[in-house]
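The residues making up each chain are set out below.
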Amino acid sequence: MIELGGQSVPPVLLVLGALALVAMAVVLIDLHRHEVKHLPKWGWALIIVLGNFPLGAIAYFVVGRRAAGDEVVDGVDVTSTQPRASEDDIGLPAPSPRRPVDISDVVVATRGLSKIYGDTAALDDVELVVPRGVTYGLIGPNGAGKTTLLSILAGLRRPTHGSVEIAVPRTSMGVLVDTPQFEPWLTAREVVDLARHLTAPELPSSRVDDVLVEVGLEQAADRRVGGFSRGMLQRLGLAGCLVGDPEILLLDEPSSALDPAGRREVLDLVGRLAHTKTVILSTHILSDVQQVADVVGVIDHGRLQFQGPLTELLARTSATYSIHVHPPAGPVLEHLRSCDWTVEVVEHAPGRIQLVVADPPEAERQIAAVLAEHGARLISFNPATDLETAFLELTT
Amino acid sequence: MSATTSDTVARRRTMTLWRLEVLRLVRTHRWMILFGVYTALAVLSALTARYFNEIMERFGEGVEFTASEPQPVDAIVQYVSNTSQIGVLAVVVVAASSLTIDAKPEQAAFLRTKVTRPAHLLVPPYTMTVAAASAAMVAGTIVVSLLTEALIGSLPVWRVIVGTVLGACYLAFAVAVVAAVAGFTRGQATTVFGALGVLLALPIIGLLEPVQPWLPSELLAGLAAMVDGASVGEFARSSIVTAIVTPALLAVAAFRFERREL
Chain A
1 MIELGGQSVP
11 PVLLVLGALA
21 LVAMAVVLID
31 LHRHEVKHLP
41 KWGWALIIVL
51 GNFPLGAIAY
61 FVVGRRAAGD
71 EVVDGVDVTS
81 TQPRASEDDI
91 GLPAPSPRRP
101 VDISDVVVAT
111 RGLSKIYGDT
121 AALDDVELVV
131 PRGVTYGLIG
141 PNGAGKTTLL
151 SILAGLRRPT
161 HGSVEIAVPR
171 TSMGVLVDTP
181 QFEPWLTARE
191 VVDLARHLTA
201 PELPSSRVDD
211 VLVEVGLEQA
221 ADRRVGGFSR
231 GMLQRLGLAG
241 CLVGDPEILL
251 LDEPSSALDP
261 AGRREVLDLV
271 GRLAHTKTVI
281 LSTHILSDVQ
291 QVADVVGVID
301 HGRLQFQGPL
311 TELLARTSAT
321 YSIHVHPPAG
331 PVLEHLRSCD
341 WTVEVVEHAP
351 GRIQLVVADP
361 PEAERQIAAV
371 LAEHGARLIS
381 FNPATDLETA
391 FLELTT
Chain B
1 MSATTSDTVA
11 RRRTMTLWRL
21 EVLRLVRTHR
31 WMILFGVYTA
41 LAVLSALTAR
51 YFNEIMERFG
61 EGVEFTASEP
71 QPVDAIVQYV
81 SNTSQIGVLA
91 VVVVAASSLT
101 IDAKPEQAAF
111 LRTKVTRPAH
121 LLVPPYTMTV
131 AAASAAMVAG
141 TIVVSLLTEA
151 LIGSLPVWRV
161 IVGTVLGACY
171 LAFAVAVVAA
181 VAGFTRGQAT
191 TVFGALGVLL
201 ALPIIGLLEP
211 VQPWLPSELL
221 AGLAAMVDGA
231 SVGEFARSSI
241 VTAIVTPALL
251 AVAAFRFERR
261 EL
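For the record, the sequence lines run as chains A and B. With our numbering, you'll find the first sequence wraps up at 396, consecutive numbering, no jumps. With our numbering, you'll find the second sequence wraps up at 262, consecutive numbering, no jumps.
Excised from the complex, chain A in its bound form:
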């Protein structure tokens, strides 16, 4: 007998008790590592702990534990796969209205991705395909499901159905939420250094300073974050994303609340990242997408309404250009009207010409020659092809 707190306890009881506790811990670890049926994991944990061990554990193994290879109904499979996903193993998006993009090397793909909150589908059967090295603009009205989709890609939320395949480790993804916040008592340098330590500790600490310079925060590096403006926080968030040299950047509305100068800076930064990193950028500001994106996905009411190159989306509407020359523009207007590739030429203000063309590539080749022939002094030439029109066509 062993004296324990003034009471006599048989040694065998102590040994059995200890064994039971160890066994219970092993079962709970097993529960943590396996999928379960019929009840959520916490429910099985309660049964194992409270359900009169070992009866609760036996019930879990017999009824609750999902064996490998079991069919997963309504299953969720969020994986981060090291090998590159290829065209063979990632399904193309369904035909129209979704358009397949040219996939030779895909880094992010979703299959039948849905997220349901109560009776509302925030995402509905989304088949996202993001090729490596592109800037993917995810556009949609407020509440369309952009943030939900990015949150699932970032691992911050789980899909209700479907799967996500990402060809890089999670730590190789930089994630910027729409309103980044940090501990106000940290300095900017400390925030970025923490991000570096967590994502790429092998990189030298000088990398922190380099990134702060890159986002224009070198002067504020040793200031506490609590006094930062919204734009500075956005840039600090970007620095935190970039410091680990990620392969994929997920940017949720990175410029939505910034002033014009701040927006310009962020878009310039995204533009500089083009083709060195894969950027997935969500926004409801169409001009941002037009400036930086190669590929666009239009999402509305949780459904991906279009996915493909930006040019393809723009080609869905009449190709329109805006030409601004020093007035008078009469001779140029006459010449343009006589071209067989023009559909409509309107001077809506002195020197400001709206040009609708039938053949955009031909127009882009010829316009410079037309202007030069008449000695027109060009101020600007912009594609005014109406992304907004294309967007509204898809979302209304």
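These are computed hints drawn from the structure, not numbers from a lab. Where a beta carbon is used, it is the ideal one built from N, C-alpha and C, also for glycine. Any given hint could be a false lead.
As the list claims (entries may be wrong) - To spell it out: a stretch of chain B is covered by chain A in this simulated footprint if at least three of its residues, at any positions, have a beta carbon under 8 Å from a beta carbon of chain A; those stretches are:
hint, region
1, 23 to 31
2, 110 to 118
3, 127 to 136
With chain A's structure known, arrange chain B on it following the hints.
Chain B in isolation, oriented as in the chain A frame:
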């Protein structure tokens, strides 16, 4: 880069999750809450025990008051009684402020997206809070012991040490309760009230005599009991339960934290 700049870069301390917690304690002055409460209660307890008779005589005019001479154990009992309420409240508040990582989703997203297992984020705040709370309790115990020694009489040192260790074990349990509650609630206030609810329920459960020796809350009174002559064995059952329940609570916290969506 110039040599000076290189030197500066080399001298900078790497920002880790551990350093983040140290800075949280220092820059938000939370360490002062812990150390302030424990040392203030220590001073108050020793003085109250020493001058209790005088205080009662001064404020109880016209009332006959008879009391025995103050004993060293009185100061410790007073200290334990005070810290078991206000001290634990301070620990719970400080613990909740660092363990409710998801209270601000934007801040949580920054950290969660940079680690392979979100549960790893819980280890530094838990450990640092327990360390700071234990250090504050040790500081308070040293202060009350020294004052008691000076004002009333000596205390058995090894009994004070054992009692302090038992108290530190209880604080580790209390912070684990906060972590587990934070797994079910997001906000700091709800976590504080939830954890206090659990911790206050234990002494009530302890009213059931057969259960009492097994409860972790027994450790809280360990210092006073040890100084009063109790044996270490009296705390064996509550120590074993605390040693089992504390990791279990942390496992619950980690499980809930991993499963939570932002």
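Structure-based check of each hint:
Counting residues of the region 23 to 31 of chain B whose CB falls under 8 Å from any CB of chain A gives 4; the rule of at least 3 is met. Residues of the region 110 to 118 of chain B lying with their CB closer than 8 Å to a CB of chain A number 7, which satisfies the three-residue condition for coverage. Evaluation of the coverage hint for the region 127 to 136 of chain B: breached, as 0 residues show C-beta separations to chain A shorter than 8 Å, against a requirement of three.
Hint compliance for this structure: hint 3 is the single one not met.
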